[in-house]
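Asks: Line by line, the protein sequences are chains A, B, C and D. By the count of my numbering, the first sequence reaches residue 1143 at its end, each step adding exactly one. By the count of my numbering, the second sequence reaches residue 1143 at its end, each step adding exactly one. By the count of my numbering, the third sequence reaches residue 340 at its end, each step adding exactly one. By the count of my numbering, the fourth sequence reaches residue 340 at its end, each step adding exactly one.
Calculated directly from the structure, the hints in this document are not laboratory data. Errors might be hidden in some of the hints.
As the list claims (entries may be wrong) - The following label-pair restraints were derived from C-beta to C-beta distances:
1. C/203 with D/321: 20 to 26 Å
2. B/1133 with C/191: 32 to 38 Å
3. B/1085 with C/322: 29 to 35 Å
4. D/203 with A/1090: 51 to 57 Å
5. A/1079 with C/322: 50 to 56 Å
6. D/323 with A/1107: 26 to 32 Å
Claimed, not checked - Below, in silico cross-link-like pairs of lysine to any residue (SDA-like), each with a Cα-Cα straight-line distance of 25 Å or less:
7. D/315 with D/223
8. D/241 with A/1122
9. C/315 with B/1109
10. A/1129 with A/1084
11. C/315 with C/267
12. C/315 with C/221
13. C/207 with D/310
14. C/207 with D/327
15. A/1107 with A/1117
16. D/207 with C/320
17. C/182 with D/197
18. B/1107 with B/1127
19. C/326 with D/251
20. C/207 with D/316
21. B/1107 with B/1085
As the list claims (entries may be wrong) - Incomplete in silico selection of chain B near chain C, CB under 10 Å:
22. 1073
23. 1114
24. 1120
25. 1135
26. 1138
All C-beta atoms in this analysis are idealised placements derived from N, C-alpha and C, irrespective of residue type, glycine included.
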Amino acid sequence: MNVTVRYFASMRDRMGCADEVVSIGGDASTVAAVWTMVSEGKPMPPSTLIAVNMSYTDAAAVLKDGDELAFFPPVTGG
Amino acid sequence: MNVTVRYFASMRDRMGCADEVVSIGGDASTVAAVWTMVSEGKPMPPSTLIAVNMSYTDAAAVLKDGDELAFFPPVTGG
Amino acid sequence: MKVVVQESPFEPGQMVADYQNSLPRGKHGGVVTFVGTMRDFNDGQDVAAMRLDYYPGMTEKHIEQVCEEAAQRWDIVDSLVVHRHGDIYPNDAIVLVAVWSAHRANAFDACRFIINYLKERAPFWKCETTPAGDKRWVEHNSRDPKAEVAAGSAPAKTAE
Amino acid sequence: MKVVVQESPFEPGQMVADYQNSLPRGKHGGVVTFVGTMRDFNDGQDVAAMRLDYYPGMTEKHIEQVCEEAAQRWDIVDSLVVHRHGDIYPNDAIVLVAVWSAHRANAFDACRFIINYLKERAPFWKCETTPAGDKRWVEHNSRDPKAEVAAGSAPAKTAE
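In isolation and in its complexed conformation, chain A is listed as follows:
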């Protein structure tokens, strides 16, 4: 299955790209497993926020084919 992964703000600087498509064997994967793939095993920075299909979730969330996953630092709008 394929998942689009998006990075914002300092997470984009850290990962070196704005987004990428990740191919995963099998029908399901967790956010944590995708993070391990894209980060090559580095720990997730503390207070990273996670969204799947534009809703906030956590690293245990299960992904399905076609999902849009995003990693970003605490928000600073307003």
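Assemble chains B, C and D onto chain A, guided by the hints.
Replies: For chains B, C and D alone, coordinates are given in the frame of chain A:
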């Protein structure tokens, strides 16, 4: 001594004038005494507000020559 | 700090923008404003027009006192109050309260304090005209349930 | 209810007046607004300019959710949020929150709720540029000490 008495809003309608100068024998008088004079002994309407020289006060306040006394109903600005 | 009581209609956004242009630039983080607008109904009855009487001198003095008290209680940059008197029609702005501060919590608290105490203390009286032409004095303002009751600072009530 | 995220500068008073003209006339008693303005300093350092990134789609969705939640909690007539993205300079308006209601207490509460939760939930990120040209990401927003901590409604923190 002379005191200027001012009336506002429904109090002005009730008293039939916007202001009047009241002459009082002696050097001091209370707000309550002036009310009795100007109202010809009628009771003061409940929740009447009183100001002397544009500061809120009460019926026991003592007046001096030249003071500006005002009687008016609860305020409804804003 | 600026307090204006005026007869002519005003555009609240323009008043805020003009006053803000007179403030040091880039120092405040935000502004909270309240604008009270004339409704076309009150206490279940239609209202066609309104006359707002005031006590020249005492009214401005009490609004200024409320603004000064707000500036003592909260860390704010500046405040502006504009209030109409005279003839007012539905949808007209009656009152504008604007408070600038570095941190928004202070501006929210101070703006709410100023409008609540202005409504309690500043001598204004509304006389409404119904569509049929009947006039009636508005007897009391609605209260903000979160307004503090500050002993000694509200207008003295003359208990009969 | 209207939520706009736009790159171009805006005049808050004009946005409020234009939106208010689209509302039923004479029905609301007042409007409370908050306008957040770019300061020329932050955390003790001078700031010359700022870039505001956002997550198109997710940002608007979360602001709309906050406005809907406010409309469920308080009896309000309508709300408007305008938020900039892109390049911003000192004294520019960054965000406008306006809430109309029949009774002012509801507009104050709802406006404060919307700006507090927008700052907690809506995906925006500020990147500041110092006068020397250095860029730095702002790491966190200041909090309103009166903001409620709503369990389950704030963004999930991924404790690592």
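Asks: Are the hints correct? Go through all of them and say.
Replies: Hints, one by one, checked against the model:
1. C/203 with D/321: 20 to 26 Å: About 23 Å separates the Cβ atoms of residue 203 of chain C and residue 321 of chain D, which means 20 to 26 Å holds.
2. B/1133 with C/191: 32 to 38 Å: The hinted range 32 to 38 Å holds for residue 1133 of chain B and residue 191 of chain C, with Cβ atoms some 35 Å apart.
3. B/1085 with C/322: 29 to 35 Å: For residue 1085 of chain B and residue 322 of chain C the Cβ distance comes to about 34 Å; the hint holds.
4. D/203 with A/1090: 51 to 57 Å: Because 55 Å falls inside the window, the suggested range holds.
5. A/1079 with C/322: 50 to 56 Å: holds (54 Å)
6. D/323 with A/1107: 26 to 32 Å: Roughly 30 Å apart at Cβ, these two residues keep to the hinted range, so it holds.
7. D/315 with D/223: holds (14 Å)
8. D/241 with A/1122: holds (15 Å)
9. C/315 with B/1109: It holds: about 23 Å lies between the C-alpha atoms, which stays within 25 Å.
10. A/1129 with A/1084: holds (17 Å)
11. C/315 with C/267: holds (13 Å)
12. C/315 with C/221: holds (13 Å)
13. C/207 with D/310: holds (16 Å)
14. C/207 with D/327: holds (24 Å)
15. A/1107 with A/1117: holds (21 Å)
16. D/207 with C/320: Distance of about 19 Å is within 25 Å: holds.
17. C/182 with D/197: OK: residue 182 of chain C and residue 197 of chain D at ~22 Å, within 25 Å.
18. B/1107 with B/1127: holds (20 Å)
19. C/326 with D/251: holds (19 Å)
20. C/207 with D/316: holds (20 Å)
21. B/1107 with B/1085: Within the cut-off at roughly 17 Å; holds.
22. 1073: Holds: closest Cβ of chain C sits about 6 Å from residue 1073 of chain B, inside 10 Å.
23. 1114: Holds, about 5 Å.
24. 1120: OK, holds: residue 1120 of chain B within 10 Å of chain C, min 8 Å.
25. 1135: At about 7 Å, which falls below the 10 Å cut-off, the nearest Cβ of chain C leaves the hint on residue 1135 of chain B intact, so it holds.
26. 1138: Since chain C brings a Cβ to about 7 Å from residue 1138 of chain B, closer than 10 Å, the hint holds.
When held up to the earlier numbered hints, the structure conflicts with none and fits them all.
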